[in-house]
Every structure is written in structure tokens, then in C-alpha cells.
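Enquirer: So you can see what is in the structure, the chains are spelled out below.
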Amino acid sequence: MPTHHQGSPGQPSCEVKLPQRQENAPRLTEASAVPGPQLAGARAVVAARTYADFTQQATFDIKKCDVHKLEEGPPLTSTLTREDGLKYYRTMQTMRRMELKADQLYKQKIIRGFCHLYDGQEACAVGIEAGINLTDHLITAYRAHGYTLTRGGTVREIMAELTGRRGGIAKGKGGSMHMYAKNFYGGNGIVGAQGQIFETYNMASLWKLPCIFICENNKYGMGTSVERAAASTDYYKRGDFIPGLRVDGMDVLCVKEATKFAADFCRSGKGPILMELQTYRYHGHSMSDPGVSYRTREEIQEVRSKSDPISMLKDRMLNNNMASVEELKEIDIEVRKEIEDAAQFATTDPEPPLEDLCNHIFYNEPPMDVRGTNPWSKLKSMS
Amino acid sequence: MAALRCFLRSGKPAMEVTVRDALNQAMDEELERDDRVFLLGEEVAQYDGAYKVSRGLWKKYGDKRIIDTPITEMGFAGIAVGSAMAGLRPICEFMTFNFSMQAIDQVINSAAKTYYMSAGLQSVPIVFRGPNGASAGVAAQHSQCFAAWYGHCPGLKVVSPWNSEDARGLLKSAIRDDNPVVFLENELMYGVPFELSEEAQSKDFTVPIGKAKIERQGNHITLVSHSRMVGHCLDAAAVLAKEGIECEVINLRTIRPMDIETIEASVIKTNHLVTVEGGWPQFGVGAEICARIMEGPAFNYLDAPAVRVTGVDIPMPYAKILEDHSVPQIKDIMFSVKKTLNV
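Which chain is which? The protein sequence lines are A and B, in order.
Using UniProt numbering, count along the first sequence one by one with no gaps and you end on 383.
Using UniProt numbering, count along the second sequence one by one with no gaps and you end on 343.
Think of the hints as simulated: they come from the structure by calculation, not from any bench.
Just to be clear, a hint being listed does not mean it is correct.
Here are the computed lysine-lysine pairs in the DSBU-like style, where the Cα-Cα straight-line distance is at most 30 Å [as the list claims (entries may be wrong)]:
| id | chain 1 | residue 1 | chain 2 | residue 2 |
| --- | --- | --- | --- | --- |
| 1 | A | 380 | B | 320 |
| 2 | A | 219 | B | 59 |
| 3 | B | 203 | B | 52 |
| 4 | A | 306 | A | 107 |
| 5 | A | 107 | B | 339 |
| 6 | B | 331 | B | 242 |
| 7 | A | 101 | B | 269 |
| 8 | B | 269 | B | 331 |
| 9 | A | 219 | A | 314 |
| 10 | B | 320 | B | 211 |
| 11 | A | 237 | A | 63 |
| 12 | A | 219 | B | 211 |
| 13 | A | 219 | B | 331 |
| 14 | B | 113 | A | 378 |
| 15 | B | 320 | A | 378 |
| 16 | A | 182 | B | 320 |
| 17 | A | 69 | A | 101 |
| 18 | A | 87 | A | 380 |
| 19 | A | 378 | B | 338 |
| 20 | B | 211 | B | 113 |
| 21 | A | 87 | A | 208 |
| 22 | A | 101 | B | 320 |
| 23 | A | 109 | B | 269 |
| 24 | B | 331 | A | 380 |
Facing chain B, according to a computed beta carbon distance under 7 Å, are these residues of chain A, among others [what the hints assert, rightly or not]:
| id | residue |
| --- | --- |
| 25 | 173 |
| 26 | 226 |
| 27 | 229 |
Which chain A residues stay away from chain B? Per the calculated CB distances, all over 12 Å, these [to be verified]:
| id | residue |
| --- | --- |
| 28 | 56 |
| 29 | 81 |
| 30 | 87 |
| 31 | 112 |
| 32 | 113 |
| 33 | 164 |
| 34 | 196 |
| 35 | 225 |
| 36 | 260 |
| 37 | 264 |
| 38 | 282 |
| 39 | 330 |
| 40 | 373 |
Backbone N, C-alpha and C define an ideal beta-carbon position, used for all residues, glycine too.
Using the sequences and the hints, build the whole thing.
Expert: Laid out in C-alpha cells, this is it:
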């Protein structure tokens with residue numbers, strides 16, 4: 001099996017081309033030659049492929065970002081290490097499977113209330129996190145499960161929160177839309193407020209606040225297409241005096257480069273910047289919305305087959321020998337197991353204790369009484 | 001739905017209609033009756049309504065009468081108020097009243113106070129409607145009851161229907177009213193069917209705003225409630241009746257202006273009062289009722305302090321076991337009745 005790129009960190013990497021079989025390419029050693037068919041064939045092949053067989057790093061062309069009030073935009077190529085590629089693949093796959101499991105649990109009525117799923121948009125959360133640090137601060141709206149994961153929540157905690165159990169990331173008290181982590185401010189249910197965003201743009205720009213405003217443009221506001229809701233759908237320009245980027249939100253590398261660019265912009269003291277990520281959600285707005293009354297199944301299928309973020313990364317890595325089919329399958333199996341284990345936890349962990357009902361009203365306060373449903377009911381509240 | 005309407009027109013006897021359909025029919029009839037009436041809000045037109053309350057209306061009345069707005073409450077509430085000032089009769093839907101907080105300045109400062117500030121020059125015939133209060137599992141930001149907040153403000157009428165007859169009659173009255181009306185529906189009631197009498201099915205059937213209804217007669221204690229909790233009170237009353245306790249159950253129907261006279265007359269008869277609401281206790285509907293009872297003639301007829309059954313004084317938790325314990329249950333009502341009666 002020929003290896004095309006022998007790049008490693010520090011070495012300049014070369015242009016991506018489709019691998020060509022070269023006659024005098026170095027042969028694999030005997031020990032790592034592909035063994036004959038046998039029962040544990042797949043496993044043996046994985047074991048036989050050593051670290052050095054894979055391309056360690058490759059550079060990919062990414063879509064040019066449209067820019068607003070900027071001299072130049074993010075780079076047109078992105079360098080991906082094998083390690084990062086596998087990490088992004090695993091995280092996006094985990095996110096995907098977690099959301100699909102949530103769909104299942106919701107239909108079984110084990111998850112209740114509102115549930116807004118993120119599948120299709122994985123490249124956004126993963127790409128953004130790849131461009132910033134965990135010490136940066138992030139806040140989002142109700143479609144928050146993906147960000148909860150990238151910001152440090154575990155699948156177990158997220159799923160147990162969805163099922164309303166004491167092991168949930170908010171002890172079962174928040175639910176789907178109200179998940180928090182360090183430097184992650186949720187998870188917020190009340191959105192829209194187009195006026196408020198302009199107020200925020202004004203102050204951020206006036207005071208040069210290092211803030212990246214991100215619009216995940218998934219083409220629909222609940223059941224209304226952006227064309228029916230926005231006088232201008234060039235959301236990346238809506239910051240007016242704030243520079244903006246329009247980014248391919250289905251490509252994790254494009255999102256990563258744009259985020260790095262935006263973060264550098266802010267950190268260098270230039271003030272706020274706006275990023276519009278063009279993305280898509282496979283599910284409807286929430287689990288109560290079948291998602292097909294205002295868009296066609298053909299449209300959803302087309303995005304799935306042509307622009308799926310996980311497939312895009314997978315193809316890139318396979319086509320450039322950065323990973324093997326078996327290796328990725330292995331990750332899929334591990335992810336599936338992690339989700340199953342989390343779902344098991346989420347469905348067996350007990351609900352929060354009644355003693356917790358009135359806790360967490362105030363921070364840093366002595367214990368107090370809270371009125372129950374009637375005047376004889378005095379409940380305890382701890383900080 | 002067309003078949004159902006033919007049924008109604010032919011004046012058949014009482015039939016079962018869900019609260020959702022009652023609201024739908026009321027709006028349909030008022031849209032037909034008066035060209036100036038129109039509906040605007042998120043997903044009200046092409047989506048048929050987030051909770052399907054406006055199903056079929058866009059198909060029947062088109063873009064000019066049923067208007068989908070962007071997700072922008074302050075903006076479209078303002079537009080609605082302006083249109084009311086200029087002579088139209090808007091029905092402004094908030095997908096839930098939690099979202100009305102984004103627009104509350106328009107409801108209070110632009111709608112409620114204007115007739116007063118203009119000394120009678122400028123009226124605002126607008127209806128703000130949508131689901132209010134707790135639902136099931138929708139957590140803290142989507143479960144608040146706004147009856148007390150809106151009921152606090154002079155210039156606003158605030159209405160809270162319970163069953164289909166309430167929903168139908170009060171919505172028609174609200175739309176025909178020349179003043180701003182906050183119309184608090186309840187998501188959990190939308191699918192519940194109730195019998196609508198022949199009279200209630202007629203196109204000119206209205207329920208007067210500002211008048212409570214005695215849903216059940218009783219001699220031992222007065223239960224006053226609004227919206228979904230009226231059902232809980234009736235259920236509690238049925239169980240208590242087996243123990244020989246006869247509750248009089250009053251359905252407030254209107255929060256503001258409150259029909260305190262009906263409550264007073266009842267308390268004078270029963271000598272005991274328990275108010276029941278889904279909202280928080282502090283400064284709530286029950287608190288107002290108790291205060292007014294103390295200030296009025298009924299106080300001297302009380303044999304025990306008036307008592308409020310309310311939601312627990314916490315943001316609404318998500319987990320089912322916690323949520324169940326955050327809202328009044330039938331057993332809480334029964335417990336309070338017995339404590340008040342000292343039995």
C-alpha cells in the first residue's frame with residue numbers, strides 16, 4: 001500500500017492529490033503485510049497497520065469565506081493532523097449518535113418537554129471549539145446539546161439531564177434547554193429578540209469587546225424559512241459596522257479556520273466580529289415538529305448525501321490515507337457503546353430527591369424556608 | 001372541521017368541542033364578522049399555529065388577515081399595537097406568554113396605558129393571546145404564569161378561560177372589546193373536550209368579561225380558581241363530597257376586572273375560602289382575592305383565615321418528580337380545605 005504523504009509536524013506539507021499507486025513505493029514490511037482472510041480478519045488488519053503507515057498531516061482546500069468590512073478572510077487551506085482528524089471525527093460522531101439516541105428516548109416518552117436536536121450541525125460546534133480554548137466563554141440558545149459536549153459535558157451527564165435524573169449536568173432541574181458547564185452559559189430558551197442583537201452589536205463595537213457573534217444559519221426559524229423572515233438573509237453583514245464572515249458550516253475545517261481567524265481578530269483588540277455558519281438541521285425545529293411541512297424530504301436527503309459534515313471529514317481522511325476504514329469503524333463501535341452506556345445510565349439513574357426541590361434559589365445565602373403549595377407546607381432551601 | 005361547523009349551524013343539541021377548536025371557531029367567526037380583525041404571530045399562518053389553534057385560518061383568509069411574523073416579539077407586538085391605534089382589531093399571538101416578556105413594554109406602555117394618557121383620545125382594541133402557565137416538562141423559562149403580572153396593571157383586561165365555553169365566549173368578547181385584553185390560555189387544556197350547549201354554539205354567543213361563574217354549588221367552603229386549576233377544584237370537590245364536604249367552586253374567568261362580588265356572596269354563605277392557582281404565591285391572584293375579602297363585607301363572615309393554594313415558590317424544575325411537586329395537586333387542595341374547615 002503506497003503512502004503518499006510522508007509529512008510530519010514541522011515538515012512542510014504538500015498539496016492534496018488523489019493517491020496514485022507507485023511502482024517503486026516502499027513496501028510494507030512482512031510483519032505488517034495484509035494477512036490472508038481469517039476469522040478475526042478485520043481486527044488483524046487494524047493491528048497490523050502501524051502509526052507510521054498513515055499520513056500524519058495533510059492540507060485541504062476549503063471554501064472561501066465571504067467577507068464583510070474585512071480586507072482579507074481566513075486562509076483558503078486548512079492543515080489537519082491525523083490526531084485532530086480522529087478527534088473531530090469521534091466528537092462529531094458522538095454528537096450525532098447522542099442526538100439520535102435522544103430522538104429515540106423522546107419517542108419512548110422517556111425524555112419530555114422540548115427537545116431541539118443538533119444532528120447535521122456537528123461541524124459548527126466542533127469547528128468552533130477547535131478554533132478557541134476552553135478558557136474562552138460561550139453561550140448559545142436552546143439547540144445546545146452539541147455545545148454542552150464540546151464545552152466539557154459528558155454524554156452521560158447530558159443524557160441524564162434529558163431524562164431528568166439526578167446525575168444530569170444540571171441535576172435534572174434544567175432539562176434540554178438549560179445545560180451549563182464551566183465557561184458555558186447555557187442553553188437558553190428565550191430567543192429571537194432581533195432588536196437586542198443590534199443593541200449588543202452597538203455596545204460591543206463601541207467598547208471594542210472581544211466577542212465573536214455566531215449565527216448558525218440553518219435556513220429556518222422554526223417553521224419559517226429565512227426568506228420569509230428576514231429582509232436580508234446576508235446575516236454576516238447584519239453587524240453593519242462589525243466585520244463579518246460567511247462560512248461553510250458543514251465543513252469542520254472551514255469552521256475551524258474561520259473561528260481561529262475570528263478569535264485572532266478579537267484577541268488583537270480589534271473589537272467584535274460576526275460569523276455566519278451556513279448549516280442544516282436534519283430534524284425539525286424540535287421533537288414536536290416533523291420538519292417536513294415547510295421543507296421537502298428531498299431537500300433534507302440532498303443535504304445528507306452531499307454535505308454531511310461527518311461524511312465529509314471521513315472521506316477526506318480516507319482518501320488521504322489519514323485513517324483506515326476499520327479504524328473509523330472501530331471509533332463508531334466505541335461511540336455506539338458510549339452512547340448505549342450513557343442511555344443506560346440516563347434511564348436507570350434515579351430522579352432527583354424531593355429534598356432538592358427548593359435548593360439553588362440564591363447563591364451564598366443561609367438556608368431559608370420556601371412556601372410550598374399551601375401555607376402549611378414549608379420547604380427547605382439551601383444555596 | 002367544516003363538517004363540525006355545519007353541525008353547529010344546524011343548531012343541533014350540545015356537542016363535544018375541544019378548547020383548541022373552540023378558540024379556532026371563535027377566531028374564525030370574528031374574522032368573518034369584522035374585516036378589521038386579523039391575527040399575527042409566529043407560525044400562525046402557514047404552519048397552522050404552533051399549537052394548531054389557528055389551523056385552517058390562513059387557508060381561508062389569506063396573507064392579509066393571518067400573518068406570519070419573524071421571531072421578534074417586541075417588534076411585532078409593537079406593530080400590532082400601532083395597527084390597533086390606527087383602526088384595525090389585531091389578535092396578537094405570543095407562542096407562549098413567556099415570550100411576551102420580550103414585548104411587555106408594548107403591552108403595558110403602548111397598549112394598556114394609552115387611553116388614559118391620551119385622556120380618552122386614543123383607544124387600543126387589541127387582544128394578546130397565547131398559552132400561559134405550566135405545561136409538561138418545559139422547564140423554568142417556559143412555565144411561568146403571568147396572570148398576576150398583567151392583572152396588576154390598570155388599563156388592561158386580563159382573561160383566563162378554563163373550558164371550551166369559556167374559551168369561545170371570552171375570546172369573542174375579547175375581540176369585540178375596544179380595550180387591550182390579555183387572553184391567557186393553557187396548553188394542557190387545548191386538547192380537552194367539553195360539552196358546548198346549543199346556545200354556546202351560536203355565532204353571537206359571548207361570555208361577559210369581568211363576571212365569574214359558579215361551576216358547582218356548595219355550602220361548606222368556597223374554592224376560587226382560574227384556568228386549568230378549576231378542573232382540579234372540581235375533582236377535589238367530587239372526592240370531598242363523598243366525605244360530606246360540599247365545596248362551592250367558582251371559576252373566575254376574568255382576572256381583571258375581578259368579580260369580587262360573586263366571591264363575597266359565596267363566602268358570606270360558606271364562611272370559608274380557599275383560592276387555587278398555578279402561579280407563584282407572592283403577589284399572586286390568590287393574594288389579591290384574600291386582600292379584597294379582608295377589605296370587604298365578607299371578612300366578618302369568615303370562620304377561618306382565607307388560604308391560598310399556589311405553585312411552589314421556585315422556578316419550574318424539569319425532572320418529572322420535581323415538576324409534579326411544584327404545582328398544586330388535587331390532594332393539596334383537599335388538604336387545605338380540610339385544614340381550613342378544621343376536619
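Enquirer: A separate judgement is required for each hint: does it hold in the structure or not?
Expert: Hint-by-hint comparison with the structure:
no. : hint             : verdict
1   : 380/A with 320/B : holds (19 Å)
2   : 219/A with 59/B  : holds (24 Å)
3   : 203/B with 52/B  : holds (21 Å)
4   : 306/A with 107/A : holds (28 Å)
5   : 107/A with 339/B : violated (42 Å)
6   : 331/B with 242/B : holds (14 Å)
7   : 101/A with 269/B : violated (58 Å)
8   : 269/B with 331/B : holds (24 Å)
9   : 219/A with 314/A : holds (25 Å)
10  : 320/B with 211/B : violated (36 Å)
11  : 237/A with 63/A  : holds (18 Å)
12  : 219/A with 211/B : violated (47 Å)
13  : 219/A with 331/B : violated (48 Å)
14  : 113/B with 378/A : violated (39 Å)
15  : 320/B with 378/A : holds (21 Å)
16  : 182/A with 320/B : holds (26 Å)
17  : 69/A with 101/A  : violated (42 Å)
18  : 87/A with 380/A  : violated (45 Å)
19  : 378/A with 338/B : holds (18 Å)
20  : 211/B with 113/B : holds (23 Å)
21  : 87/A with 208/A  : violated (34 Å)
22  : 101/A with 320/B : holds (20 Å)
23  : 109/A with 269/B : violated (47 Å)
24  : 331/B with 380/A : holds (21 Å)
25  : 173              : holds (4 Å)
26  : 226              : violated (9 Å)
27  : 229              : holds (4 Å)
28  : 56               : holds (45 Å)
29  : 81               : holds (40 Å)
30  : 87               : holds (31 Å)
31  : 112              : violated (3 Å)
32  : 113              : violated (3 Å)
33  : 164              : violated (3 Å)
34  : 196              : violated (8 Å)
35  : 225              : violated (10 Å)
36  : 260              : holds (31 Å)
37  : 264              : holds (32 Å)
38  : 282              : holds (19 Å)
39  : 330              : holds (36 Å)
40  : 373              : violated (4 Å)
When held up to the earlier numbered hints, the structure conflicts with 5, 7, 10, 12, 13, 14, 17, 18, 21, 23, 26, 31, 32, 33, 34, 35 and 40 and fits the remainder.
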